[in-house]
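Listed here are the chains, written in short residue letters.
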Amino acid sequence: MSAVIESHHDDDHHHGPDKGLMRWVLTTNHKDIGTLYLWFSFSMFLIGGCMALVIRAELFQPGLQLVVPEFFNQMTTMHGLIMVFGAVMPAFVGLANWLVPMMIGAPDMALPRMNNYSFWILPFAFAMLLSTLFMEGGAPNFGWTFYAPLSTEYAPPSVTFFIFAVHLMGISSIMGSINVVVTILNLRAPGMRLMDMPLFVWTWLITAYLLIAVMPVLAGVVTMMLMDIHFGTAFFNAGGGGDPVLFQHVFWFFGHPEVYIMILPAFGVVSAIIPTFARKKLFGYDSMVYATASIAFLSFIVWAHHMFTVGMPIAGELYFMYATMLIAVPTGVKVFNWVATMWQGSMTFETPMLFAIAFVILFTIGGLSGLMLAIVPADFQYHDTYFVVAHFHYVLVPGSIFSIMAAAYYWLPKWTGNMYDETLGKTHFWLSFVGVNVTFFPQHFIGLAGMPRRYPDYALQFADWNMVSSVGAFIFGFSQLLFLFIVIKCVMGGKKATDEVWDGAEGLEWTIASPAPYHTFSTPPALPERAMA
Amino acid sequence: MAGTEKRHQSRNGYMVGLKWLIAAIAVGSSWSVLADWSALNMTQGVTEISREVYDLHMLIFGICVLIGIIVFGIMIWSMLVHRKSLGHEPATFSHNTKLEYAWTIIPIFILIGMAVPATSTLRDMYDSSNADIDIEVRGYQWKWQYTYLNDDPAQEVKFMSSLLTPPDEFYNRAPKREHYLSDVDNPLVIPINKRVRFLITSNDVIHSWWVPDFAVKKDAIPGFVHESWAVVEEPGIYRGKCTELCGKDHGFMPIVVKAVEQQEYESWLAMKQQEAKDVYETVGKTWSMAELMETGEQVYIQHCATCHQINGEGIPPAFPSLVGQGLAVGDLDGHVDIVVNGKAGSAMQAFAAQLNPAEIAAVVTYERNAWGNDVGDLVQPREVNALIVAEE
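Residue numbers (the working numbering), protein chains in the order written: chain D, 1 to 533; chain B, 534 to 925.
To be clear, the hints were calculated from the coordinates, so they are not data collected in a lab. Keep in mind that this is a model prediction, so the values were computed, not measured. Careful, some of the hints might be misleading.
As the list claims (entries may be wrong) - Below are the SDA-like pairs computed for lysine to any residue, each with C-alpha atoms no more than 25 Å apart in a straight line: (1) B:K709 x D:A57; (2) B:K631 x D:D286; (3) B:K631 x D:Y290; (4) B:K810 x B:S653; (5) B:K709 x D:Q461; (6) B:K709 x D:K426; (7) B:K876 x D:I229; (8) B:K617 x D:E350; (9) D:K426 x D:F71; (10) B:K791 x B:E767; (11) B:K691 x B:L802; (12) B:K709 x D:V54; (13) D:K426 x B:I607; (14) D:K496 x B:K617; (15) B:K691 x B:N902; (16) B:K727 x B:E797; (17) B:K691 x B:D870; (18) B:K818 x B:N902; (19) B:K727 x B:E689.
Can you build the whole structure from these sequences, using the hints too?
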């Protein structure tokens, strides 16, 4: 460590970004790479969103009006894949890039060149995935969960491109998360203990371990598919002595931690924002850390609750039911802590706070429906219906995505040096809030009344609520263009932000200038006296 | 002075809070009066198990709503009262060990309260012993096959059940009738008050057999046979759906179960057994071209047109065209073979399991002589039968 500091040249301090396009291609600066990740994520969010709107437009009325069932299945599949791997995950990696070094007082990520690679793999991976839409036989059409044998023996030829795209995304994620772990464990400002770290850093540290643990499992399962399709193996083919259910076990062993990968950093974001605008310290910091770790641990031992209908023996069903219900305990602790942080605070409701509060309420609704889904006998009625669609969209859209938007509004002034337009921000919030609930709340009803998911067309009794849901989806979808406008406007100019930006904000990132200089903390900051009382 | 002012302000805050709460309750209750619950909630169904499941669902839903009201109530109250704009000063606490223990331990007891009834219901559902009737349910892309198992194979009844709604209705060329996408040509018929066991499996990809009124949902997985059961208490028609994505027509393979009195069931079963015998006899006779073409067209529309399309042109490359190319205008033996045995690694199924020899002969003849194909030859049911028997 000391060798690194000694070899450091002073003239580096004042060098800024390169000019032109090559700045972005060659950059190893965590802020540039964070920006790249965030813009990439937003563009994928719009593409995946357009696919969602194709789905909702087709479901506006019974009958097949716009697309044929083959294409409808491609849309549901690609929408899921792009939102999970292209929008939500890269957005959190972008936030980690921007914020982790600034929050722990590090000059950059620990492995800057690898950081560049892990971003630049992504555009190629998604170009490959999206190109399947134009191939003979069409894009992957077997759902984002790609259950075998629909995704092997019965898959379109483009499945091979899908497999390689998934491999690339996995490599990118693994490199990115190694970087986060190494940065957090090695580059904290002198004197910052693990239990002094902001919760966002904690949640990302745990998320990074989850990623390192499960992305290889995903790579394994797609490789087994590849072997089945091209090299005559029969891992998932019952006719060759294989087992289609094995696919689901391996997939969900990746898949369940994956859903927590998409929510744990959101917990970190919200735990930063609520105390700021309540002007009150986060309630129960230690229990927040332990709850996050517990949720991460439990995520490895509950995977088969996605598979209650595959015919597991009763002992298996009971075990996975009990283990799943247990997750409610640490998750409840988190929600109660946020509420207790707000309680007796002195709250103001700027846009980030609005998104954060909406996160707590709507994520909790998604959590409660998740608890209902854990109850095996009831799950037989809920499984693979719109009730499930409503559940996971509640935790992912007003959950993960609202937290990403909250983070964008909260830290934009630090990133750009300008305040965003508060009136437009609040308008964006209310449109999104109304849109998201009008879209997804009725889907609980449609599901309970008996409409299965991934249906391009439906019986007449589901017509009313599907129409309402589609209207909501268009309100939500188009209001994101307003978000784009607000961000661009903020980048271009606006009221100058102070260094502290928000009056209740705590953390090292608020001690540096706004906009954050290209290089920060080239010398480690002196920490204020122990944050933890 | 400052003290009174603060008290005054927080009193103001409480008043604002109360007004909002009253407004929210008013809106909420008027909403519930307007709602049509049957379109919003799970069915109670027609079996003891389905009612147990419904009660369990309502219990857990009630607990979740209660938790929601308490947590959101506190949050909303706090948002209305603890605001800077009302002059509320922030408190400084950030820990409360007793409270934190309480909200870790109390939820565990609530969860145990949910797990106990869930476990007992699940045990009942998993006890599929002592069945009166065994029916094999086999998923195909995109229809169901029902086999009434019988120790004497000659007495076994087996038929396909597929969507009745014509494409004109879903492509909006004809008005949508009642039971749109929920009706089938041959419903499953079962007697009431008998323990019917379903042995669920699949011929190709994974499907899932779901009848909400019985609270039965089980994945149909190739290579596995899963059990489920129901004792239906009321005669009636119960509709269900496939709930595992199984390809293009996942949304177009409904389930219809007709529950009837024991007597009616027996006469229906006898009729089906007679039908099977009749078919057996027709296989022996010599069919004319016109007979084969007529039957062939019906069979084609019911079993082939979803993939190869009404006009025979298919949806290449997944579903090849049969017009003027390939086996349909080529080698007759090869043509019969692909219909009988299917094609490995493709969606083309082995139809020997689904169609009788007369139907296979008819549809092959039809494909060779329809849509401008004019091969002119035909195949007799007895030839197809001989092939199938030889292969067995």
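Now the hints, each set against the structure:
1. Of the pairs offered as hints, the one joining B:K709 and D:A57 holds, with about 19 Å between alpha carbons and a cut-off of 25 Å not exceeded.
2. For the hint linking B:K631 to D:D286, the alpha-carbon distance of about 14 Å falls within 25 Å, and the restraint holds.
3. Of the supplied pair hints, the one linking B:K631 and D:Y290 holds, its CA atoms being roughly 17 Å apart against a limit of 25 Å.
4. Proximity of B:K810 to B:S653 is assessed by CA-CA distance (about 46 Å); at most 25 Å being required, the pair is judged violated.
5. Between B:K709 and D:Q461 the alpha-carbon distance is near 12 Å, which keeps this suggested pair within the 25 Å criterion.
6. About 43 Å separates the Cα atoms of B:K709 and D:K426, which puts this hinted pair outside 25 Å; it is violated.
7. Restraint check: the Cα-Cα separation between B:K876 and D:I229 comes to about 15 Å, which is no more than 25 Å; the hinted pair holds.
8. Of the pairs offered as hints, the one joining B:K617 and D:E350 holds, with about 12 Å between alpha carbons and a cut-off of 25 Å not exceeded.
9. Note on D:K426 and D:F71: the hinted pairing is violated, with a Cα-Cα distance of about 37 Å set against a maximum of 25 Å.
10. Annotation: proposed proximity of B:K791 to B:E767 holds, straight-line Cα distance about 10 Å (limit 25 Å).
11. Distance restraint check for B:K691 and B:L802: the Cα-Cα separation of roughly 11 Å lies within the 25 Å cut-off, and the hinted pair is therefore satisfied.
12. Between B:K709 and D:V54 the CA atoms are separated by roughly 22 Å; this keeps the pair inside 25 Å, and the hint holds.
13. In summary, the hint linking D:K426 to B:I607 is supported, as the alpha carbons are separated by about 23 Å, within the 25 Å threshold.
14. For the given pair, D:K496 sits about 24 Å from B:K617 by alpha-carbon distance, which is consistent with the 25 Å threshold.
15. Taking the CA atoms of B:K691 and B:N902, the gap is about 30 Å. The hint is violated against a cut of 25 Å.
16. With a C-alpha separation of about 13 Å, the suggested pair B:K727 and B:E797 falls inside the 25 Å cut-off, and the hint holds.
17. A hinted pair counts as satisfied when its Cα atoms are at most 25 Å apart, and B:K691 with B:D870 qualifies at roughly 22 Å.
18. Proximity of B:K818 to B:N902 is assessed by CA-CA distance (about 21 Å); at most 25 Å being required, the pair is judged to hold.
19. As the CA atoms of B:K727 and B:E689 are separated by approximately 19 Å, the hinted pair is consistent with the 25 Å bound.
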